[in-house]
Amino acid sequence: MKAVLQKVNNPFSQSVSEKRPLILDGVLGSLLQKMGCKPNSHIWMTELNRTSLDLIMDVHKSYIKARADIITTNTFRTNPAALEVIEISNAAPYVKEAVKLAKVAVSDDSIYIAGLNAPAEDCYQKKRNLSYKKLEMNYKIHIDLLIDNNVNFI
Numbered sequence: 010m011k012a013v014l015q016k017v018n019n020p021f022s023q024s025v026s027e028k029r030p031l032i033l034d035g036v037l038g039s040l041l042q043k044m045g046c047k048p049n050s051h052i053w054m055t056e057l058n059r060t061s062l063d064l065i066m067d068v069h070k071s072y073i074k075a076r077a078d079i080i081t082t083n084t085f086r087t088n089p090a091a092l093e094v095i096e097i098s099n100a101a102p103y104v105k106e107a108v109k110l111a112k113v114a115v116s117d118d119s120i121y122i123a124g125l126n127a128p129a130e131d132c133y134q135k136k137r138n139l140s141y142k143k144l145e146m147n148y149k150i151h152i153d154l155l156i157d158n159n160v161n162f163i
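Read left to right, the sequence shown gives residues 10 to 163 (this note's numbering).
Bear in mind the hints are in silico, worked out from the structure with no lab data behind them.
Every residue, glycine too, gets a C-beta built ideally from N, C-alpha and C.
Take every hint as true, because none was put in to throw you off.
The list that follows gives simulated cross-link-like pairs (lysine to aspartate or glutamate, EDC-like), each with its CA atoms no further than 16 angstroms apart:
{"hint": "1", "residue 1": "K105", "residue 2": "D157"}
{"hint": "2", "residue 1": "K142", "residue 2": "E130"}
{"hint": "3", "residue 1": "K74", "residue 2": "D34"}
{"hint": "4", "residue 1": "K105", "residue 2": "E56"}
{"hint": "5", "residue 1": "K112", "residue 2": "D67"}
{"hint": "6", "residue 1": "K74", "residue 2": "D117"}
{"hint": "7", "residue 1": "K149", "residue 2": "E130"}
{"hint": "8", "residue 1": "K112", "residue 2": "D34"}
{"hint": "9", "residue 1": "K28", "residue 2": "D78"}
{"hint": "10", "residue 1": "K109", "residue 2": "E56"}
{"hint": "11", "residue 1": "K70", "residue 2": "D117"}
{"hint": "12", "residue 1": "K105", "residue 2": "D153"}
{"hint": "13", "residue 1": "K143", "residue 2": "E93"}
{"hint": "14", "residue 1": "K74", "residue 2": "D118"}
{"hint": "15", "residue 1": "K109", "residue 2": "D63"}
{"hint": "16", "residue 1": "K109", "residue 2": "D157"}
{"hint": "17", "residue 1": "K112", "residue 2": "D78"}
{"hint": "18", "residue 1": "K70", "residue 2": "D118"}
{"hint": "19", "residue 1": "K70", "residue 2": "D34"}
{"hint": "20", "residue 1": "K109", "residue 2": "D67"}
{"hint": "21", "residue 1": "K43", "residue 2": "D67"}
{"hint": "22", "residue 1": "K112", "residue 2": "D157"}
{"hint": "23", "residue 1": "K112", "residue 2": "D63"}
{"hint": "24", "residue 1": "K143", "residue 2": "E130"}
DEER-style ranges, computed between Cβ atoms:
{"hint": "25", "residue 1": "S98", "residue 2": "S119", "range": "35 to 43 angstroms"}
{"hint": "26", "residue 1": "K74", "residue 2": "P30", "range": "14 to 22 angstroms"}
{"hint": "27", "residue 1": "D67", "residue 2": "E145", "range": "30 to 38 angstroms"}
{"hint": "28", "residue 1": "S116", "residue 2": "E145", "range": "31 to 39 angstroms"}
{"hint": "29", "residue 1": "E27", "residue 2": "I95", "range": "42 to 50 angstroms"}
{"hint": "30", "residue 1": "R29", "residue 2": "E56", "range": "35 to 43 angstroms"}
Could you put together the complete structure from these sequences and hints?
Given below as structure tokens:
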């Protein structure tokens, strides 16, 4: 039996067919620091999803107001490997909170939500501590969580 490829119409494909660039939001962490947030822990941005919900939503909304077509979830340090550093074994609620904040900020179906799948370890460290298998599992779990929370793409 021969497989038949069908063209799928979805809002993202329709936007792309408009022949204009889609605008992605900008930095989140640097902007939060500029606004006075202090990186006081390994997962400081993740903690803001619980302690400063309005601030995170305001940042998302400011990018939307600036005409961004895509906002990115605040999921920089919500992957299992990042959370294990501080002995948190379940990443699911942290991803769910971040995606929910992005969804609340988006009141228009024409704005897309990109799920951020960030590095498992510190971006600037030279030596890697995680094995390939552990990295692979970390990314699989995190991407699955983003998909389960219905982001538009990753």
